[in-house]
Amino acid sequence: MADDAGAAPAGGAGAAGGAARGGFRGGFGSGLRGRGRGRGRGRGRGRGARGKAEDKEWIPVTKLGRLVKDMKIKSLEEIYLFSLPIKESEIIDFFLLSSLKDEVLKIMPVQKQTRAGQRTRFKAFVAIGDYNGHVGLGVKCSKEVATAIRGAIILAKLSIVPVRRGYWGNKIGKPHTVPCKVTGRCGSVLVRLIPAPRGTGIVSAPVPKKLLMMAGIDDCYTSARGCTATLGNFAKATFDAISKTYSYLTPDLWKETVFSKSPYQSHRKFSAPRHGHLGFLPHKRSRRHRGKVKTWPKDDPSKPVHLTAFLGYKAGMTHILREVHRPGLKLSKREEVEAVTIVETPPLVVVGLVGYIDTPRGLRNFRTIFAEHLSDECRRRFYKNWHKSKKKAFTKYCKKWQDKDGKKQLEKDFAAMKKYCKIIRVIVHTQMKLLPLRQKKAHVMEIQLNGGTVADKVDWAHEKLEKQVSVHTVFSQNEMIDVIGVTKGRGMKGVTSRWHAKKLPRKTHKGLRKVACIGAWHPARVGYSIARAGQKGYHHRTELNKKIYRIGRGVHVQDGKIVKNSAATNYDVTEKTITPLGGFPHYGAVNNDFIMLKGCVMGTKKRVLTLRKVTPPSPLEMADKVDWAHEKLEKQVSVHTVFSQNEMIDVIGVTKGRGMKGVTSRWHAKKLPRKTHKGLRKVACIGAWHPARVGYSIARAGQKGYHHRTELNKKGGFPHYGAVNNDFIMLKGCVMGTKKRVLTLRKSLLVHSSRRALEPIELKFIDTTSKFGHGCFQTSQEKRAFMGPQKKQLVKEKPETQEEL
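Numbering (the numbering used here), first residue to last: 691 to 1495.
Be aware that a few hints might be false.
Below, computed lysine to aspartate or glutamate pairings styled on EDC-like, alpha-carbon distance capped at 20 Å [stated by the list, open to error]:
# : residue 1 : residue 2
1 : K1254     : E1265
2 : K791      : E780
3 : K926      : D1103
Since the hints were made in silico from the structure, they are not lab data.
Produce the complete structure using the sequences and hints provided.
Set out below in structure tokens:
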């Protein structure tokens, strides 16, 4: 049996010289014993030994070694628990040196024919263990037998594995056998270990028996198959079987396992045949830039009249730190960092109301009433070219509110809406003058009124005409909302980018980024489910159940002072706005009301989003809605009146447009091999005779981005935008569209009962550092205190100093 400890070398310089010429010529273990080139030429310990050398101090070279030496890791089980690789044999010596035993299983010569003749080397098989649950096997080939054995011992230490032992029958005393049947294989040798009753002993051949004894197994049946005469494979197969004792865990050791898709797949994806979603067909550019609400929350007459949606503009994303309050969750009462999306929501202006009646073919417009005064930004929406037009829109209609006959007609219209209409919706528009956008044309939208009777809704809309409605009156904090909008456009893309089709092998003919076979005679007959190139992005989408983390107030005046602390929390009392230093990239500063939504939403920066309420379904009369819309005519509607903090809303908008793209970018089709004929970024086979008959599901090039999308359940300055001076909403995560894009905020359509949806949100910190690069200052005052005054600030102060002189 080899030992790690050893004596000093026989000759100092002579031993070193011998090692340099012919390698090690001494014994096993640490290499401190053997014969030298000097006086001591005897074998074994050598007659010229001058005493034991002082043990060298272990200097760790890996992080794990340093942690072990500093006693930060106190057992091998801690290393095995986290599957940390052991690169230093001294780590094993640190824990098991006193109980570790090693034994040479076999030494065999290995010959190789070279130019100089046959070269003989020696291969050593060494087993090492502590007879108490740890065993290792090492194999090393070297010119000298001693060098091979010493190297095999080091490799055996690095390969030590924990051995799980169990019982046969009742759990009495110490574990004595393997916990279950395990099988190991190496080459043609297959070894199977079977549990045995206490007192049976190890029924095995000599090689497996030695390994099982070193592992601390007292009773075991074994069976072997194959060429067991090959001792090396026999030992390796036994060691493989012993290391698999932890492969099967009994129920008391079960833990929840999260399975993930294997990264090793063939070119023809049997485990992942499709990546694209056929539920959103056709993948084409959205017809509208603003998210459209196609389903409104169910009405509840027991509630007061309120808006069910709101419009906002995606400003950007940041991250927050909050404490999780979810009883029963392991993460409860702990801090968590999450990504949030800021959606600026300046107050909406109510400029009209619409009444709908039920017909056998659905809803029909019954009456539409506009306010007396409409701003130019609203009237611009009714013209394609405002500059070349006569600007006469609504000039005659506004006279109805001034004539006696016109007022009588309006009163009749209000009364008829209260009598016949079932649904009342108000016409609102955004205030582009409050936003740092180049666009002057406001986004106009109909928003359904819920709550109360139809008469109450008409009165509410009449009262709110030409007035502003804040987002605080619509949503509330911790509410779940839906986000509807258009995703970011990516233009024309091929099947690899648009549908994530696997790239074909490198030498595929006519391109790699294609579908190998589109499956029909002619492209005109290709199946709809086949991936084809075309438009990617700019699709209309709805994201459900986005939680509102905060509904912030914009820059406002209170008690004669300007208040800019929309990003302050109970834990971070620093007076700062939600706008990070330098503004949000591609947007600017947020100076209006905003909504902070959890996570991300569709679209690019500046994109308009529709935020929709989520309410339980219930029947409701329409009279209250007409009254509410009548009351709100010509009045502004603020986002505070629509949403509340912690409310889940939906964001509706248009994604960021990316123009014409091929199948690789549009459908994420895999690129074809490099030398493929006629291009790589294509679908390999579109499956039919002619492109005119290709199936709609085949990835084709086309428009990517600028699609109408709705993101559901969003809870809840900037570069290239400006300052956010109005009300804003902070939504969790991201939303669709670019910066400055108008978004529709809709009330969520679902009844939320999950702990995630009902969890109250308490923000501890809001990041307002610069989004250009890596910002490190939360406020401009903090930056100036650290960096000192800038040159432009000194220039401003200089003339005042000269006047004083």
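These are the hints, each one checked on the structure:
The straight-line distance between the Cα atoms of K1254 and E1265 is roughly 7 Å, inside the 20 Å bound, and the hint therefore holds. For a cut-off of 20 Å, the pair hint linking K791 to E780 stands: about 15 Å separates their Cα positions. Only pairs whose Cα atoms come within 20 Å are accepted, and K926 paired with D1103 is rejected, the gap being roughly 92 Å.
In this structure, only the earlier hint numbered 3 is contradicted, and the remaining ones agree with it.
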